[in-house]
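Knowing the structure of chain A, use the given hints to seat chain B on it.
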Amino acid sequence: MRTKAQPTIIRLLSYITRQRGRLVVAISFFVLGAMSMAFQPLIFGLAVNELAEGNSSRAGTFAATIIGIAATSGCLSYVANRQLAIVAQRGMQDLRDELATKMQDLSLSFFDSQSSGDLNARVTSDIETVNQFFSSAVSRVVSAGITVVTMLIIMFSLDVVMGFVVLLIVPLSFGVVVVLGRRVRSDFADYQRLVGEVNGYVEEVIEGQRTVQAFGNQAASAAKVRELSNTARQADRSAQFISFLMQPTNGLVNNLDVALVALVGGARAVSGTISVGDVVSFVGYSQQFGGQASQLSQVVTQVLSAVAGGNRVFEILDHEPEVADVSGATRMHTANGKVDFDQVDFSYVPGRQILFDNDFQVEPGQLIGLVGPTGAGKSTIINLLTRFYDVQAGHILLDDRNIVGLTLADLRRRCGVVLQVPFLFSETVMYNLEYGREGATKEECIAAAQQAEAHSFIERLPQGYDTVLGGGGESLSQGQRQLLTIARAIVSEPDVLILDEATSSVDTRTERRIQRAFDALVSERTSFVIAHRLSTVKDANAIIVLDRGRIVEMASHDQLMDRRGFYYDLFMEQFPPGLEVAFAVTEVENEMASKREA
Amino acid sequence: MSGIQAFFSVLKRAPLRQKRNFLIAQFGVVLMVVAQLMIPQLVKQIVDDGVLAGATEQIVSSSLLMIAFSVANLVVSGVVAYLAAMTATNMAHAVRSGLYESISKFSHGNVDRLSTGKLLVLLTSDVNIMKSSWMMTMYMLFQAPWMMIGAVGLVWLQTPQLLWIMAAAMIVVVAVVVLVAPALGPLYARVQVELDTLNSIFQESIGGIRVVKAFGRERLETDRFSAQNQKLYDAQLRPAFRAATFQPTLFGVLYAAIGLAVVVVGPDIADGVATNDVDAITPGQLATFFNYLLTAMVPIMIVAFVLPELGKFEASLSRAIEVFETEPDVKQPEDPIDPGEIKGRIEFRNVTMAYLDEDTQPLERAALTGVSLVVEPGETVAILGQTGSGKTTLVSLIPRFYDVTEGAVLIDGLDVRHMDIARLRSQIAVAEQQAMLFAGTFESNLRYGAGDADFAQLEAAAQIADADDFIAAQLGGYGGMIAEQGTNLSGGQRQRVSLARAVAADPRILILDDTTSAVDVATEARIQKALAAKMVGRTVLIVAQRVSTAIGADKIVLLDEGTVVDVGTHRALLDRSPLYGEIVTSQLGSLDEISELLGKS
Chain A
1 MRTKAQPTII RLLSYITRQR GRLVVAISFF VLGAMSMAFQ PLIFGLAVNE
51 LAEGNSSRAG TFAATIIGIA ATSGCLSYVA NRQLAIVAQR GMQDLRDELA
101 TKMQDLSLSF FDSQSSGDLN ARVTSDIETV NQFFSSAVSR VVSAGITVVT
151 MLIIMFSLDV VMGFVVLLIV PLSFGVVVVL GRRVRSDFAD YQRLVGEVNG
201 YVEEVIEGQR TVQAFGNQAA SAAKVRELSN TARQADRSAQ FISFLMQPTN
251 GLVNNLDVAL VALVGGARAV SGTISVGDVV SFVGYSQQFG GQASQLSQVV
301 TQVLSAVAGG NRVFEILDHE PEVADVSGAT RMHTANGKVD FDQVDFSYVP
351 GRQILFDNDF QVEPGQLIGL VGPTGAGKST IINLLTRFYD VQAGHILLDD
401 RNIVGLTLAD LRRRCGVVLQ VPFLFSETVM YNLEYGREGA TKEECIAAAQ
451 QAEAHSFIER LPQGYDTVLG GGGESLSQGQ RQLLTIARAI VSEPDVLILD
501 EATSSVDTRT ERRIQRAFDA LVSERTSFVI AHRLSTVKDA NAIIVLDRGR
551 IVEMASHDQL MDRRGFYYDL FMEQFPPGLE VAFAVTEVEN EMASKREA
Chain B
1 MSGIQAFFSV LKRAPLRQKR NFLIAQFGVV LMVVAQLMIP QLVKQIVDDG
51 VLAGATEQIV SSSLLMIAFS VANLVVSGVV AYLAAMTATN MAHAVRSGLY
101 ESISKFSHGN VDRLSTGKLL VLLTSDVNIM KSSWMMTMYM LFQAPWMMIG
151 AVGLVWLQTP QLLWIMAAAM IVVVAVVVLV APALGPLYAR VQVELDTLNS
201 IFQESIGGIR VVKAFGRERL ETDRFSAQNQ KLYDAQLRPA FRAATFQPTL
251 FGVLYAAIGL AVVVVGPDIA DGVATNDVDA ITPGQLATFF NYLLTAMVPI
301 MIVAFVLPEL GKFEASLSRA IEVFETEPDV KQPEDPIDPG EIKGRIEFRN
351 VTMAYLDEDT QPLERAALTG VSLVVEPGET VAILGQTGSG KTTLVSLIPR
401 FYDVTEGAVL IDGLDVRHMD IARLRSQIAV AEQQAMLFAG TFESNLRYGA
451 GDADFAQLEA AAQIADADDF IAAQLGGYGG MIAEQGTNLS GGQRQRVSLA
501 RAVAADPRIL ILDDTTSAVD VATEARIQKA LAAKMVGRTV LIVAQRVSTA
551 IGADKIVLLD EGTVVDVGTH RALLDRSPLY GEIVTSQLGS LDEISELLGK
601 S
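As you go down the protein sequences, you meet chains A and B in turn. Residues 1 to 598 in our numbering are what the first sequence lists, from first letter to last. Residues 1 to 601 in our numbering are what the second sequence lists, from first letter to last.
With the rest of the complex left out, here is chain B:
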């Protein structure tokens, strides 16, 4: 029954207009049931008063009436179907757009913890399930009680002596439904799970096709697929076998009831005919009983059919609610302060940052510990360190992608957590290592953070990122298309477009998170030169893997295991930091080697 509760809880939250539509539709449902009950009644009239009595006029008039009812049924059904389709699709639309709106507010931490695959399933198949089960519930399920009451009532009125047969038949069918149907829901859910797993195995083997081929493990992939395919097969048969009992049982019970009825009232009918007793049960009434019996079975089957659907509705709804109720980790402060135009002084004051686990508790192992650091306005600062030393984490705190666990990050002396998020982020641009581009033109991607910048500004940004040449060489130039996730570009090209996008946003603080890792060194040097000219007076933070990326910075921050081990210029660090010396020589060769080379040039 909780499926129905879920249905009404959604209805309760629906706009008034949808509630009204639901009520009108329910009124229509009653009319539909009346029409459907009247039709067998009229068939009976046709048989009894028309055919058996040999009265053609009666046949005509009853037939016309029956057709009129059919037409009325069609019209009312049409109205109900329209209202059901409207509320169902409106709900789907509202859930879909509402879900995405919630997701769009999620911060990086929420995204880390959620699988994007699950979110997509929620927005696609769960929304679809909710829609179709809503439609079925509204159109079909609520016919069931009325139809049952009507059928029983009519049998009681016309052939009360057969009522017990009907009751017995219904009890048997209900018993079967109760025994079989509830188990079907989980069985179908199982099928869906196995199917989803199969599809993800499939997608993974396609996504990793190069690896599969490189190691010649095609057989392993097909075996993995086949094993899951077998599981799906087994899962699919279980509900199919159970459901196979429905139809035979239903018809068995139906005809058993008819047979019983023939035996029970047969003699009365024969007597009635023989004695011309008008009060006796007629052959036509026996035929009608058959029809009512059928009518009474229908709602039971509807319930059996729709209830598992409502179960799915409830499951999908609870998944949706989970997303709706997820609080973004990073929230707008209650009294946001507009920072105005940022000058660009960044201070990390004794910052400790630990990522959150599934239960949004900070992990034991902090990503940053006791970091204190000041970046003056207009400075270019490079951050160097091993994989996992906390470089990305450090810069992610500035635009509040994550919040600190302890300490504070201040911009121009103001804690970022007190600022208006939108105003803060609009003045900071980030170009990430894994450049994420969107399907669309080059221009639309460059404009992504630039609002109403004119074309010349976008072009200038592309020039700075050394992307102008290859964009111009594209079919359609800046109007050329970027495929989903930029798959038609090389890694280096994607990074340069993403860098251009960040520059085009004309930020006060620019953060480059290993943005040029896939760009060759010569190009990188060109980019840095152009960038330095453009970003005069702005603060630039560069997360770097290569020393060549960091060397020209005003200062270099050395991170190791989440702590700042040293800060200084290239020269100063070369002098005093063994760690830095190690990094430099490992990448550029030993001092002697370099001096030798430089001497040669």
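Okay, chain A solo, but in the shape it has when bound:
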């Protein structure tokens, strides 16, 4: 296991040091290439020196050496660049894969606590800072670092004093980067925040465009976008401006150093301490050195933002899922479907309890209706049974085994859920059906679609079962989406079936048509059905009536009606006042009509 105390930078680097072989090749080729390039000014200086002495006999040799070194170094750095690109991209691939895998392991409570915008930022822009670090900072550090070291060795072996004069550039250019860099970073941070606000608002009003239009608020939202965008523009301008100042400022600092080298070097050449050719070399070095030093200091900025981004990514990787397999979790290959809730308490957020002391037993094969006013806790019961969340007190048993002791995979495989909001993936219809169970055949999927009364409309889609559902099925009606999710649940062949308002947007005629499928589904297995339309659950073996987190009644429809309690009131409220009269009148009329016929 990794330790959390490990510095982020080391942890980031661990993603590229995994590619040890390639990394060694890349770095050693870089070293060789950069080292040989560092000799170029020296050789050029020697050549100029000899020429200045009126000796051109070795000009050809010098030229050949210069060209030879350039060619060798070019080949080396080409190979190194390629290897480094592979190393960097493999590292990124690993990091992304780890993150995606982790996301799938995390519990729903994690996603409840995160804003989707923040999560998106972590997996897009924060990851991108790491990408920048891997793919450019690493090679820059290596090549600039090597060049700098090699040049330092050569310079100091030529002349120590001149070496130090050249080195003056380091604090100077570092100062520039620090001062301007800090300003740029804070401006960029401002801009990121402000443009984030613009984007957040724009996203909202585009998603809600129909509502904007319906209430005639186009001009108001356009004005708000303009205003937010204008504020972002000001921060943006400053950030862009200063980041473009970096280069000419560094140029100035560099030229100061060149002048200084020339002055000191000139003086030392006059006094005869070093040769004129060496001074020429030093002028060349100081020109190059400035470039390398500012490269290195820019890398520092890049590293800092990669560390910040990496930290936010690692926060996710280090998050422990709240609901997970316990050690020694046991398998469950099939279930009879006996469900026990034993004094279950639950709250999503501490202090706001949702379920109080829920206690009930369900025998295998029973159909259970869950009813109650909005917010009574119906969906929560289902969230707990499938371990989307874990109970705070009490136990839930499946076939007399505590569900916490089962593997999550098996538990959820035994339960088939049709959720209130019909979520589909932006893939083909078939993909969405096969989603229900690993290894489901196409025939099984089509049969399931027929059972769910979805087959005929699927056939009418442009490519039938191979039609890709853009935007998660945007083009389908809400009812059609619900039918697909029901078919998906049929494919999953669950032992416990859970329908959370699964047919709220399906019209009653279609609902009746899929009723047979339902009857078949429901007869073989334990089923929980949440419904507002009480007719949907009337035939249940038992109806659990929830109110504000407590089970107030549990019995069959007839018993509950006889009891004239909470359920009775709920049921009777379906019939608006006046209905009674309407029926009475109709019946009288019918009677009269039949009498007339008689």
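What the hints contain is simulated information worked out from the structure, not anything from laboratory work. Note that this is a predicted model, so its numbers are computed, not measured. Glycine is no exception: its CB is placed at the ideal position from the N, C-alpha and C atoms. Treat the hints loosely; a few may be bogus.
Claimed, not checked - Computed footprint of chain B on chain A; a stretch qualifies when at least three of its residues, placed anywhere within it, have a C-beta under 8 Å from a C-beta of chain B: (1) 74 to 80; (2) 205 to 214; (3) 246 to 254.
Here is chain B on its own, set in the frame of chain A:
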């Protein structure tokens, strides 16, 4: 080159001030190039006339001059950078707000056909791309030609015997750039496409996390992600490998040219020194040649670097233009008639309506066919029918969310297509099934269509929608916060807030599109009662799934496959319509059952 055309086409449309800024910046760019060319010249002076001649004063004076040029360069660069940053960010701002303004005018049909995801990418990353490539073009690209001319000119002036070496070197580098660079643009675009796909897979697996977990398909999701991750990896290596040739080639050519120069002019230099020939080429000039060579390579690399950026600029711009040029399906008439206060008589006169396809042609299968229907002022009318029978389409025609394909919709006898859209819509309020709320307080959401209504009116509307209790129980009450898209509320709560918002708008015509589907029946009954009291004299249309929602209406319209099959009161329909009878019994149980129950009570 079309990237540059795109750049200038934007500049042409820019305000005069921005054009002026661009011209000033271009003048500055020339000065920058002059300064950058002068500096190697001065380094040469320092070496030749100072170091080699042993003249310290010359070193000092040349150094000072060089520093002066550096300072001047910094100042001019600063001005250019400022102007570039200003025009670039102004453009980004103008494009961003302009794009949204266009989008805000889109009608429902346009929104149906466009993916909101694409629009968001356009407003965020495309705008960003346009900005940064604009900035780079303005600051860097136009330095290139001047720098090249300057470098070549100076070599020609000082060491004409080396000009051919320079020309050869430049030709080789240009050839490499021409071979490698154009391919890079599409390769980088490919990377972006793969990255976008990866992100959307990721977002989908997060959005559908409940489904993933419910079916235990975590592995499938990670596999799907990994497969795309591999594609991204492959895509990313392709441009990286190509770009890896740039730097080695550049330096290779540079040093080859230097080596060549040493061989070619070396003997002359040596001779010149030996014979003290003042006209001969000096060692310092050789050093300067190296610098000019470097200077001449820089613009080529700039062009290689900026051109793909300009390619992206062009691509983003064309996407933006597409949105700018999209005509809203529903347009304000040329001579809009102010309908005044609407009384609320709605007539559908032989209406046929087909949605439009991608090419804005009506689809073959019409959503409504030959619908004729009259709603009198003050009536409450329920519309019942199967999924896909055209209920929502029917009511969407009244506020002109869509326009009819044939026939006409009239309010108080006037075709809605001749009315002023804003005046029409301000008197109609719609509460939709998928209630869309905005981030903000409850109060700001309730006020969304109510303009300057006072707080008591908002509260009254919330009471009618049975939302008052739970809003008051929120932390902060009416000042409590609604999260983006109302994710902190339940489906039923969202619907009730949306209903309250519609009521608060105090409309002459209220349209409830299955607004209470997620609300339990008891609450729904309360809401309907309160609504009936409030909406006296106003026209109300209720799209319903449940019979209980429709039962109290003055009349019920039965829709089937886009046609009106029957209109009548609950009683009348119960008597004569088998379809209606079927719906009622399927939801409420058979007549016998109900009578039995009612008898018991």
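Evaluation of the provided hints:
Here the stretch 74 to 80 of chain A counts 4 residues with a CB under 8 Å from a CB of chain B, which clears the bar of 3, and the coverage holds. Evaluation of the coverage hint for the stretch 205 to 214 of chain A: fulfilled, as 10 residues show C-beta separations to chain B shorter than 8 Å, against a requirement of three. Given a C-beta distance limit of less than 8 Å, the hint that chain B covers the stretch 246 to 254 of chain A holds, as 5 residues qualify and 3 suffice.
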